[in-house]
Amino acid sequence: MGTWEFYVTKLIPALNQGLWLSVLIIVPSALLGVTIGVLVGAGRAAGPGWLRTIFNAYVSIFRGTPLVVQLTMWYYGLPSVSRFLGLYLEPLGLPAFTWKFLILSPYAASVVAFCLCSGAYQSEYIRGAILSIRKGQFLAAESLGFTKSQTFWSITAPVAIRRALHGCGNEIIYLIKYSSLALIVTVLELTGRASSLGSFYFRNLECYLLTAVYYLALVSLTTYGLHRLEKKLAIPGLGQAKG
Amino acid sequence: MSNVNLQSGPSGRDNNSQDGAGADAGARNSRTANARTGRPLLEVRNVSKSLGGKLILDDVSLSLDKGQLKVLIGPSGSGKSTLLQCVHFLTPPDKGEVVLDGQSAREMGQKNICAFRQEIGMIFQDFNLFDHLTARDNVAIALRKVKGQPKTAARVRAMDELERVGLADKAGLYPAQLSGGQKQRVSIARAMAMEPKLMLLDEPTSALDPELIGEVLNVIANLARGGMTMLMVTHQIGFAQHLTNEILFMEEGRIIERGTPGDLLGENSGSRTALFCSRLTELTGR
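These protein sequence lines are chains A and B, in that order. Those letters in the first sequence? Residues 1 to 243, per our numbering, in order. Those letters in the second sequence? Residues 244 to 529, per our numbering, in order.
This is chain B alone, in the form it adopts within the complex (with noise of 0.2 Å):
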């Protein structure tokens, strides 16, 4: 125990001082509720993954206050999503350490990792949704299953968390009977009803119509505002450089920049990010 904790000493310093780059009124805030409780909220620690042979993660390290949202870019294959599944250890990774408001997944061992996982809300981009429940039952099966509750009292909740999405009225339909952006609201007011601390979106728009994404988006907006802790892999830069203070950039297994969206994405900034945004915006005309 001692040992990690001195080691993670000199690394979530180095983190913050990247932080303070670019020192705006969210990372202030940030920083703030980081002196209340002394820590930040999600610490991920020299993560290495190879999968099939290849090394799909090399040594990457990231923090999260509570209430921060970070956004994740790179090209594809850079190893995004791997990083989420690894920071859900839905995929535990290979080395390093992942720790979420002082526990550390490892430690929790194969019996306990299903209660870290609750803690932490997971928004794929291809919704995920349980084909055989509705919207409402979506909702509602992991409140009764993995956390016990009454089945009245789970649906009850299921309904609050529709409302928030603004889906009440769909709460009896299935899945297949919703478009791709009421699929992905209904898998974030799933997510929402675990009450996680952190929660992770793998490219929620990216499967969608483009008329579709902006319902999506301004459900995360409203997740942000209410300060839920995010970190969030997206193409939508437009949209999530509004919503963040602190970009990653990652290529080939490893952050390569980091800091605010202004330092990134400012003009002459020769940032790779910078680069790499441009020419997404040059492919969709925007």
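The shape of chain A in the complex, shown without the other chains (with noise of 0.2 Å):
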């Protein structure tokens, strides 16, 4: 088989197949990931002293250990706990989704590792958005009469979206780059594909070097998405790049 034959019929249908399945990891990985991470975010730096500890344990837990590691806790080491569950429960008489449900797909574990890890990234970028906020801001709305709600929605909130969108967009970018773990736990997305392909052809440079170009298009494209929306929400004087 020549190369251009290869390339044609061979690795670019199957990494197109490999981009479909990573897009369907990012993107709710992301938005995930963003929501964890506003929620979080929100709660470490205003909220109740109990829900900050606990939201900080989440934090250092999913920061501080390896994303391969929580990858493969998911997706292998979860049934243990399944069936240490259903010893239990089974006698009970209780519906096998309760302890069933923990076997989760190669899918839903990736999207379940990704969306957690990036959201204590991102709560990270939201929490520091928010605290940098000057009090006197505050001290305004609650003179204005705001109470603390409408303060957060209509002050708060705008601010640091604008403030940590630089710092969130970059946690995306390396999202699109770390969805490519979802190969160790079998899902065949660009870099499953590439794998199997280069090692089966013995044709590793070609199918890794295509998979970069995929990665550096979607990620190209994501910056440009990022920029946009960056000038969309820009305000004079709120820190946003300048001229």
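Derived from the structure by calculation, the hints contain no laboratory data. Quick caveat: nothing in here was measured; it's all calculated off a predicted structure. Beta carbons: idealized from backbone N, C-alpha and C, even for Gly. Any given hint could be a false lead.
[Claimed, not checked] Here chain A is said to cover these stretches of chain B; the calculated rule only asks that three of the stretch's residues, wherever they fall, bring their Cβ under 8 Å from a Cβ of chain A:
id : stretch
1  : 382-392
2  : 460-473
[Stated by the list, open to error] Calculated cross-link-like contacts (lysine-lysine; reagent style DSS-like; alpha-carbon spacing at most 30 Å):
id : chain 1 : residue 1 : chain 2 : residue 2
3  : B       : Lys-394   : A       : Lys-232
4  : B       : Lys-390   : A       : Lys-135
5  : B       : Lys-354   : A       : Lys-135
6  : B       : Lys-440   : A       : Lys-148
7  : A       : Lys-231   : B       : Lys-394
8  : A       : Lys-232   : B       : Lys-297
9  : B       : Lys-354   : A       : Lys-231
10 : B       : Lys-440   : A       : Lys-135
11 : A       : Lys-135   : B       : Lys-394
[Unchecked claim] One side of the interface only, derived from the structure: several residues of chain A facing chain B at Cβ under 10 Å:
id : residue
12 : Tyr-107
13 : Ile-133
14 : Arg-134
15 : Phe-138
16 : Thr-147
17 : Gln-150
18 : Thr-151
19 : Trp-153
20 : Ile-155
21 : Val-159
22 : Arg-162
23 : Leu-165
24 : His-166
25 : Gly-167
26 : Leu-238
Grab the two chains, each in its own frame, and use the hints to assemble them into the complex.
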């Protein structure tokens, strides 16, 4: 098989399928990651003490351990927990899903691992953005009779979103690339496809080079989108790129 | 309730007698207003506040009649800003009462304190405009969110208020695009849009370049002439003494002198206030 033929009939179709699966992992993980990040970040910056303790523990666990370890636990580790739970829950006559739900599909395990890890990092950016808002802004809102939640939604959130946008965008770009780890739980996304084709045909260089181009395209597209969003949200004097 | 009223009687009279020390036209006007409603608009009774273990306010009492402007001066760290924040319940006092138009802030409870605060406008030394909103939306946002007005009505009202401070043409600009004087005028428009019963001004011109002070003082003078009740912390004594009939001098958390500008600042008055103000003028060369 010639190089060109291999590209057109094998590699590109396989990578395109892998790309689709990658996008299916990245998009929900990014959205859930940002959502978790906003909730946890806001809780850590402005929540009550007990909530802060819980969220701090979450962040230190998920930022403090390798993603590969987390992903492996979700996929290969949880079934053991499920079996253990089943031993106790089955005699009680409970339906099987009460322990079987812990057995995750490769896809589900990847999304769970990625959004929880991403959320921990996102929460740091959100928290920093909220804490960077000057105290006077809150004082002014309070003096006008704003309640705490009115202040949060009308004053804190719009400013924090803009301040956090750089960091959150950065984290999404990381996520695009660490989504490739899904390959270790047998998801045939972009990198998974490259790996299996590369070793099957002994064409690792081409397979991984083209895969790199696919990732570069994904990241460039995301960067462009984030840049557009940043421009759209830009407000004079709120710390965006100058000029 | 009745207890509180019994206590307020003597202290209210006490304040009035100090007003009486220098009766001029303004004081007489405010007293007729007082006679109509039967009570001062604002009463601060025996307020004390400690912050970080240090006594910042030590048993401070004052009262303001409707339409009256009182000026609060004193060295830095004497508790002026804390007093304003206590009046606004942004920093609830440890002891004492703040009563606005017959409503005690303490009795309103946590839930209604926001309603109490709506009645009082606050002007900050460093403006504290909302950085992410245009001048117009800075004025409109509290009307929409706090008072629940529809967007268009709030914006129309905001434009009226900006017009009053001479900034209608800057409505679309963000705080970062405005000069200090313009920012302070927007913040006055923002406070006035809420139709407060009382305005508290915390050194409104201290953060401004000298050439921008005039435009802000003009707006404040207009408010005073329009009958706004105001308590103003300022070092612009030359300006303030033409608008007020009572100066309160604070030091170490207490009001140690009060009287008309004539009494406190007159030659040979020998007052602590006059000494302080003469030092200010020495420093600024005015």
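Verification of the hints:
1. 382-392: holds (count 4)
2. 460-473: With 0 residues close enough to chain A, the hint is violated.
3. Lys-394/B to Lys-232/A: 22 Å, holds
4. Lys-390/B to Lys-135/A: With Cα atoms ~23 Å apart, Lys-390/B and Lys-135/A stay inside 30 Å; holds.
5. Lys-354/B to Lys-135/A: Holds, at about 22 Å.
6. Lys-440/B to Lys-148/A: 23 Å, holds
7. Lys-231/A to Lys-394/B: Status holds; Cα separation ~25 Å.
8. Lys-232/A to Lys-297/B: 48 Å, violated
9. Lys-354/B to Lys-231/A: Answer violated: Lys-354/B to Lys-231/A is near 39 Å, above 30 Å.
10. Lys-440/B to Lys-135/A: It holds: about 25 Å lies between the C-alpha atoms, which stays within 30 Å.
11. Lys-135/A to Lys-394/B: 27 Å, holds
12. Tyr-107: Since the shortest Cβ distance to chain B is 39 Å, the answer is violated.
13. Ile-133: 9 Å, holds
14. Arg-134: This hint holds: Arg-134/A lies near chain B, its Cβ roughly 8 Å from the closest one there, short of 10 Å.
15. Phe-138: This hint holds: Phe-138/A lies near chain B, its Cβ roughly 9 Å from the closest one there, short of 10 Å.
16. Thr-147: 5 Å, holds
17. Gln-150: 5 Å, holds
18. Thr-151: 9 Å, holds
19. Trp-153: Status holds, d = 8 Å.
20. Ile-155: Because about 6 Å separates Ile-155/A from the closest Cβ in chain B, which is inside the 10 Å limit, the hint holds.
21. Val-159: 5 Å, holds
22. Arg-162: Given a least distance of 7 Å, the restraint on Arg-162/A holds.
23. Leu-165: Hint violated; Leu-165/A Cβ to chain B Cβ min 13 Å, cut 10 Å.
24. His-166: 16 Å, violated
25. Gly-167: 18 Å, violated
26. Leu-238: Cβ of Leu-238/A sits 6 Å from chain B, so the hint holds.
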